[in-house]
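As you go down the protein sequences, you meet chains A and B in turn. Throughout, my numbering is defined as the position within the first sequence, counted from one, plus 29. Throughout, my numbering is defined as the position within the second sequence, counted from one, plus 587.
Treat the hints loosely; a few may be bogus.
[Claimed, not checked] Distance windows between CB atoms, simulated:
| no. | chain 1 | residue 1 | chain 2 | residue 2 | range |
| --- | --- | --- | --- | --- | --- |
| 1 | B | Glu-636 | A | Val-56 | 41 to 49 Å |
| 2 | A | His-291 | B | Thr-779 | 50 to 58 Å |
| 3 | B | Asp-790 | A | Met-63 | 26 to 34 Å |
| 4 | A | Asn-59 | B | Glu-792 | 52 to 60 Å |
| 5 | A | Thr-98 | B | Thr-779 | 17 to 25 Å |
Hint data in this document are derived by calculation from the structure and do not stem from the laboratory. Backbone N, C-alpha and C fix where the C-beta goes; we use that ideal spot for every residue, glycine too.
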Amino acid sequence: MNAPNKSGWKPEMTAADDGMHSGPQTVTGNRALMLEEPLIFELAGTDTTGVDLPEIEGGPNRLGGMERTAPIGLPGLSEPETVRHYTRLSRQNYAIDLGLFPLGSCTMKHNPRLNEKIARMPGFADVHPLQPVSTVRGALEVINELAFWLIDLTGMHGVAMSPKAGAHGELCGILCIRAALEARGDPREVILVPESAHGTNPATAAFAGYRVENIPANADGRVDLEALKARLGPDVAAVMITNPNTCGLFERDMKAISDAVHAAGGFVYCDGANFNAIVGKIRPGDLGVDAMHINLHKTFSTPHGGGGPGSGPVVLSEALSPYGPLPFTARTADGVVHLVEEENAAEFDHTQAFGRMTAFHGQMGMFTRALAYILSHGADGLRQVAEDAVLNANYILRSVEDLLEAPFGKSGPCMHEALFSDAGFSEGLSTLDLAKSLVDEGYHPMTMYFPLVVHGAMLVEPTETESKAGLDQFIAALRSVAERARAGDVSMKQAPYYAPRRRLDETLAARKPVLAWSDPDSA
Amino acid sequence: MRYLPLTDADRGAMLARIGASSIDDLFVDVPQEARLSGPIEGLPLHASEMAVEQHMRRLSKKNLAAADAPFFLGAGAYRHHVPATVDHIIQRGEFLTAYTPYQPEIAQGTLQMLFEFQSQVARLYGCAVANASMYDGSTACWEAVAMAGRVTRRKRVVLSGALHPHYAEVVRTMAKFTDDEIADALPSLQGTPDNAGLIARIDEETSCVVVQYPDILGRIPDLAAIVEAAHAKGALLIAVNTEPVALGAIKAPGELGADIVVGEGQAIGVGLQFGGPYLGLFAVRDPKHVRQMPGRLCGETVDAEGKRGFVLTLSTREQHIRREKATSNICTNSGLCALAFSVHMTLLGEEGLRRLASWNHALACKAADRLARVPGVRVLNDSFFNEFTLVIDGDAREIVRKLADDGVLAGVSLGRLYPAEEALKGGLLVAVTETTPEEDIETLASALEGALS
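Required output: the full structure, derived from the provided sequences and hints.
Dropping the structure here:
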């Protein structure tokens, strides 16, 4: 397969020929556009500022005798130096704007710039959460409009909008379940979680006071229905299922799982991290789910921002909706959208709320972006999102499975992500080596070593916003590194060669933690 | 659809490679009855960029933006001027559209920024180590309480009555599920925080004492006295700060002996945004507590060529490694807000932060003096930074609503925060920052005078 690279580069040009690696050392440590950048603490002292502010003459203050006397030690830079510092840092990052970012279960799709523009409209960005409700009707309408879309897209009954991220949403859903069980005088102790689950699932269940037990998987990578049924009983509060699961497969027996859990008096929590595969095509509510968080930063494209902020609204079944946290919005028959808080919960027949997850109303800045994304796609476009995401993943799966072992490739199509293992790699080479070699090819690697149920797992999620040409180039790169791993190319063990940094010593970082800058002169 | 690059020809060619005859073949594992046959009925279809922008603009116009009115709200979210540079930097695609830095060789930009951010927060708070941020101040506050429980192995939590009531409610909500016992209280309308009352509630079972600094009424408590009392009983002191600009003027909580310092970082760089996304700050004074901290940490190391670099570290505390034994279920931080904070703080520097804090305090003093002259109004606080409590003859909540109808955003009434408490209904929190023109203080004074006469 030919890599469709039209830049003038030819495969016969070797690393040695391009001069990048064999050239002379530079005085600065820079290599043309690859620029080294010191820490702000090394660039500046504490007497420079990049903001023009008046010097207020010191007079009597009313600080209660607590005025600061010791220096803080915060460096300041002028505006040009600041812009340059962060711009230089930015160039050491990979990003979706630079290329395909196939992190499985993370749904790194294009972030539309319209959404950024909308989130910055003063009526959304410059509004205080405690303004009188009469002055924020539009903000409440945004929350309400998004809430209705999320309910309709999932076929659920209600939604808690305030959770700040996926794991926060998981916690919200599990707390709804615990509140519902306690309300019926039936506290239970156990939550069942498949081994392939995200780490947040067991962490959440344990935090909410439950004992976590694993559910086994069957040979084709799905929940073992019979084993699950055998374990259900009066002590099981809930099962947490990811669907599509982290092996990239749809849980065919989802409805039967839900029916069995409900028959045993438990609830079904669905981890909605992979909703992108089914949005607009399949409604979790039709499959018996009681609660599911939706990562707005995945399916609905709000930017990941180098690790947040996220947003994790939780859709709820009729049985769980009464326990959802405050605050939330409600539209009355007159079309007015209200903010329901502690004081007016009774008016809206919501006295059983389990409490409050966060100070204010949730991630408004993410709501405006997600709503803009949803309105742009509409019901038809969202359906196309799921179809193209699944098509792209299957295209990769079938284009590389002769070189990369796909442990569940035989059991049918994948959903929006394709799972591979390191079986077939030459002795001594690992998933990590393949990933770091992909870095040299100009790609962010796939999710590595997750899910835990597959040896040396590689989980590839291309998303729907990649073109066929882009996929073809990625496939060519992936095939190349897979071939090298099979052939035992030991040079992979030192990859990456061309990134801003070679492999970093993570053991040293953990053994002797340096977590803040300290002035070497004062040490 | 403008965001979807595949053409029908592409789709056909790809299906052929896969060996599927139609897209439906790829959904074969979904039971037929669960598959929708077409777009969900009753929902709109796709819309152009212009149409979506028009719709959203209409909604935005139904809100009164802070810039368009005399504005005095605080109570945990503060309006400050954010330099244009901040928004420019956070919109660079390399920051905006990057993921969590799990592949450090191609994420040094985010990692170095986080290391700088952690260092800035640690210094601001007077602590040894800060993490790479939490969701917001209220969730950071709960995580601090949970951490104190792990450190002390005790289950009794003493909350100051002057802790932000939403923060207290988040702690109470979470504690219901962890069986922590919460000893809380209401704020009393006194000019000075009730330290003696708080100290009297600390006992040998207490894991931590949670004190807001400055507190919900804007008063500045003497943390050192409470620290001493807490430590005498073997409890940790958690200081909560919701206005980081204040720390340019008042002593750092860590310097006063607080063991864990948490807070809301929104005031620097992030903006109001109707409550989120915000920025939870979390720091510990004593490095020995680092391994009990929640959330991500970025640390310094070297690469294979000996060059300095940064990685996420100590992740054995975290859910993706420890699963049900993790210190927290937290998975994301608030990375882009941390960047905004860090850029704004770099622009300010120590000199700028100190000047900004002085200016805020000076304006607030002017405002307090002016508003105290309004008949029927008195200023409660003996101490404050840029926010203070007015006590009004009457229901402050009604007055806030009435003034809003006249286009004045007067502040946050204690009735909004404590709707059940009759004794607090005359309280009005007024925040004044560098963004408050002096004529707006005059406007508020006249409006209050009109409303009270």
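List of violated hint numbers, smallest to largest: Hint 3 contradicted; others consistent.
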